[in-house]
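Residue numbers (the working numbering), protein chains in the order written: chain A, 1 to 314; chain B, 315 to 657; chain C, 658 to 1297.
I should point out that these hints are in silico values taken from the structure, not numbers from a laboratory.
Heads up, a few of these hints could be off.
Straight-line alpha carbon distances no greater than 25 Å define the calculated DSS-like cross-link-like pairs of lysine-lysine that follow [stated by the list, open to error]:
#	chain 1	residue 1	chain 2	residue 2
1	C	K1098	B	K583
2	A	K310	A	K229
3	A	K229	C	K1098
Pairwise CB distance ranges (calculated) [said to hold, decoys possible]:
#	chain 1	residue 1	chain 2	residue 2	range
4	C	R1121	A	D176	48 to 58 Å
5	C	G1278	A	I128	46 to 56 Å
6	A	R64	C	R1121	49 to 59 Å
7	C	Q711	A	G272	47 to 57 Å
Beta carbons: idealized from backbone N, C-alpha and C, even for Gly.
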Amino acid sequence: MLRLILQRLLALVPLLFIVSVLTFSFTSLLPSDPVDLILGDTGTEEQHEMLRERLGLNQPVHVRYMQWFGRAVQGDLGTSFFNSVSVMGAVMQRLPVTLSLTAVSAIIAIVVGVAAGIAAALRPRSWIDRFATLGATFGQAVPNFWFGLILAAIFAVNLRWFPATGFTPISDSPWDWLRSVILPSIALGTSSSAAIARQVRSAMVGVLQQDYIRAARAQGLSARRIVLKHALTNAMVPVVAVLSFQITVLLGGALVVEQVFAINGLGTLAIGAVRQQDIPMIQGLVLVMVALVVVVQLATDVIYGLLNPKARPS
Amino acid sequence: MSENVLLDIRDLDVTYHSRSLLGFGGRSFSAVKGASLSIRPGETLGLVGESGSGKSSIANTVLGLVPASGGSIRFGDVELTSMKTRYPAEVRGQIQAVFQDPYSSLNPSMTVEDIVTEPLRVHTSMTRAQRRERAIELLRLVSLSQEHLTRHPHQFSGGQRQRIAIASALALEPKLIVLDEPVSALDVSTQNQIINLLYERRDELGIAYLLIAHDLALVHHISDRIAVMYLGHIVEEGPSDRIYKAPAHPYTAALLEAVPLLDPDAQRKRRAARKMAPVPETPRLSVAGCPYRNRCPHAMARCEAETPPAYPIAGGGTANCFLHAGDASSEPELDKTTEHVAS
Amino acid sequence: MTGSSTTPPHGPRQPRRLLVASSLIATMATGVLVLLGLLAVFADVVAPYDPLRQNLIEALQWPSSSHWLGTDDLGRDVLSRLIHGSRIAVIAAAEGTAIAVLLGVPLGLFIGYRGGWWDWIVMRIVEAIVSIPGIMVAIVIIAILGPGLHKAMIALGILYSTSFLRLARGVVLAEREEVYVRSARVIGASDSRILLRHILPNIAPPLIVQVTLTVGAVLLSEAGLSFIGLGVQPPDASWGTMLNSAAAFMDLNWFLAIPPGIAIIVTVLAVNLLGDVIRDSIGRGVAIAAKPEATPTHSGKPAPAAVAEPVVLPRLKNEVLRVENLEVMVGSGAGLPIITDLSFSIAKGETLGLVGESGSGKTMTGLAVLGLMGAGLRTTHGSIVLNGRELRSLSQKQMEAVRGNEVAMVFQDPTTSLNPAFTVGSQIAEVLRSKQGLSQKQAWARTVELIDRVGIPRAEERARAYPHELSGGMAQRIAIARALSCNPSLLIADEPTTALDVTVQQEILDLFRDLQGEFGMAILFVTHDLAVAADICDRISVMYAGEMVEMAGVDTLFSAPLHPYTRGLLEAMPHASDRNPPLPTIRGSVPRPGSWPTGCRFSNRCDFRIKGCEQRIPLTGTDRLVRCIRADELALEAAQ
């Protein structure tokens, strides 16, 4: 078990490294000169030079990368070009907001998706299957932000069951926190639950045709036991891989859906940073998101190893 | 004699490396160790062994699909092992192959005409019309007809697909065809049709075959000589009839023994003489000694320490077994009766 | 003679109704997309107003006869903007998808075929991109390029190229291992030729599906980017920017959000549904191509009437299983017969061989006894009596109790008939616990005992192994131990040694004999190999094209076969003779269900055919049975 985790961790090192190189080099491609952006046309040539030096921009790219990376490893992602706040601080302040949306929507997506997928697979071509398949097809065609708008219009503006905008931290009131995230999370989780349901269905249908399922039936094991133990364990193997991808998708979706509900999360931060070409902020945001994804991937990898003996290190 | 050898394999080693996650470390697995074989023009050599014996690795190495890790393969005057898997065109055209599974060996998106004439397109500058003419001729050689040209592989039965594969292999009039289990995926009633076809074309066109199979009886029908492999080693080699009727290596004898007889009464007697033994562990290939020693009823102390060399056998051929370390002219001391008693 | 005429347009499991439904969906989806394309091209002509013309007096109007879909916050006509938005949607989808394909496919093909460091580096970069949320990747790229439709589409193109890259690479890696690619290399085709001529055509089906998925995803992402203000810039009309302005005025006029939303949903739905239909039809094509004999046909011929022959089967002492006039059909409606009029019986401690080639129905017979034939197949006639009880009348629940306890099965491929996720010991123990109510501890002790009994050394240790850690022979021993764990009175063995080496086969056959001596079960041994049957069976029933053609004691069958098919099969066995070719053959090939000749089903391959063979031939005899009208004559001829 420990070996599995260590092995996976080791495999993630090159990933984090490459992401950091990619983000750093991409952001150095930004068309505008940050010094011009900050000082505008106002500063003198000397002021420009001084700022350049202070920001370390007169050094070669690889040196800048090493410095940035060295600090990033210690948790220092630099300072925003514009309001002099620390990037880490700004990101950490918004992180719980986006994380709340991602987590709640992931739970909704997984619970609904897996249940619907199994139900559909067990009775191919029954009304359950048709309904689930239809729902899944629809779910994948609906833009999450539009669905959020409609949900807000009905349940917040009209019925006033939930707040239409804003976010309550969980530490303030867990109940209000849930009320504030439930609509955006449903809007966000629907298309993922549809994708997961399709995956679960096809994996289950595939597994149910395997020899070992037929052998288990020939052995007279109960249908319930065969489905829940023998089939589901194997069907979850490909599904787990999809889950980690879907959580990444949810994290990205949260950035957009936040805008619908005027929730001040990472999305708002990112859009602002892009508009202002705030390089350290963009770099920091990407790195933090990748770190989140990496944690999710690690977790799914470990679950994958638990489900699939062949994936375990011998 | 040596100038009249078409394919000459000397001390061939084939080793596979599995790379680990980060690209370093990893394990290596030795599939063939020190194998020597030769085939004369127009001759058929049967290469027999069970799964994991390394027979397919030899086939793939000869075909240039897998590089050799040691030893040499000479085809006519050309040394092949030094070129790894990049054979020159004139050699490529001379060595063709027919593989086991007729369902995956034909490209599903190509028509029969495309499949059969693909070698011509690669190696010759024939015009489209010439190629079509040749394709019709080739189909006739394998008892198919012109009407089949435009069809796709999935429209044929297993036996017919294997005929198409043979037609494609014959297209360049090669000197050697490697047949890798050519009939084992077919129904019993169609197997012999393919065997007969291969036999007739060989005699007509003077092609040499390297026939890879697990069934000694089947190989015996069309081979001039047979080589038997066990765990990457060639343990016995010799004229087809001698191997089939008077096997010299205990493994060859066991292989023949294991095939049930079509006579239930004889089979009953044979079974009665046999005792059930627990399954022994097989040794790793890298360890010295006879690869068969753990299963061999005649194993001696010497078999643990040294790898037996090839000893000449009366009636032709060699066996890598210390039982034959004595006089080459003496009768092989191993016949079926002594084997039963010993086991 | 070839399958061309009999290749069915659809498999038997696909009811016609569903096909009609899917073609209806395809038509509708295509219709929607064609309409969209037309609107995009003729937007200027079709739209009632200029989409950019503002009229602040008429702002935020609800639908009316002059503005069918109302007006937006600047008084612009929503319908006109919607129509012009379709132009942007089409451009966006085409541009984004084209960039993704052109970037991803060649690179994926290249690294997949080349492998090595190229592959490693590119794949790590792709993994890195994929591990960043897609919208964030797009946002970063837009930060570099600046906002706007075309720049956003370049961003999305780069983003989605990763999925095409992985698809192309995956196809190459999979196809590269295919035998036909090996054949092409043997022929001497160059790398680029193999890639372009042999591998590329096979990428088309998954590529088409991926394109439809990407078009949908690009449409959604474009809307999303425009919604947050990074895609199409106002005042241009795109569905995303329309939603952006709608969002600001939700409390004043919520209807503004409806038309663009519906437009997006309908378009994406059409694209996805079309993709589904394409994928399904491709899937069917592949299935047919891979296994022609697995897809029986609905040829014009009506199914033979189920007229039961009088059963000539004598009653055995200690009879365990008795099957009479069994008929199995495949497919809906009248169905297609797979097995007809099959009768046999097995006594305690006896082994009956069921011998035949592919398509003879021998495997299906075993599954029919267990009631496990799978979807689309059903027994339509006859009786299956096990230990005096008619199995066909039992409920699912009752049948579950019979399986394992009274009848068990060993399958052909031991490595796939054991569940890969659990240890082999736990799979035996599970049966003992759920069927015999043993405690965890008792079950485990008995499991180790059984594993030891089937000749596996170090049983305790091996019980904790996973199936993939065992050799084929070992795994088959485990499967046998599991099948015998509840001491069933009948064991069905379906080609249990076919996947194994001959020396291992011999060990397993010996094990069957040995265990039968101890447990006393009856064995129904299904095999294609007459020599194996000669070794293990007491009696043999030869099957051909869904019916029994001959049944006799093992010695009689081999010394004096009566049916021409049995004879042909015996002569064709590799070790039947040691002469050089030409070896004896049976001409033609085994007919598939649905193309069986009327009358004697072997008649089109038989050398002894006479006029009378065109009638239905009954099974005759008492002790030994044969289905041939010339059996007596041929027996005499053979005896001479």
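Here's how the hints hold up against the structure:
1. C/K1098 to B/K583: 43 Å, violated
2. A/K310 to A/K229: 18 Å, holds
3. A/K229 to C/K1098: It holds: about 20 Å lies between the C-alpha atoms, which stays within 25 Å.
4. C/R1121 to A/D176: 48 to 58 Å: 51 Å, holds
5. C/G1278 to A/I128: 46 to 56 Å: 52 Å, holds
6. A/R64 to C/R1121: 49 to 59 Å: 54 Å, holds
7. C/Q711 to A/G272: 47 to 57 Å: 29 Å, violated
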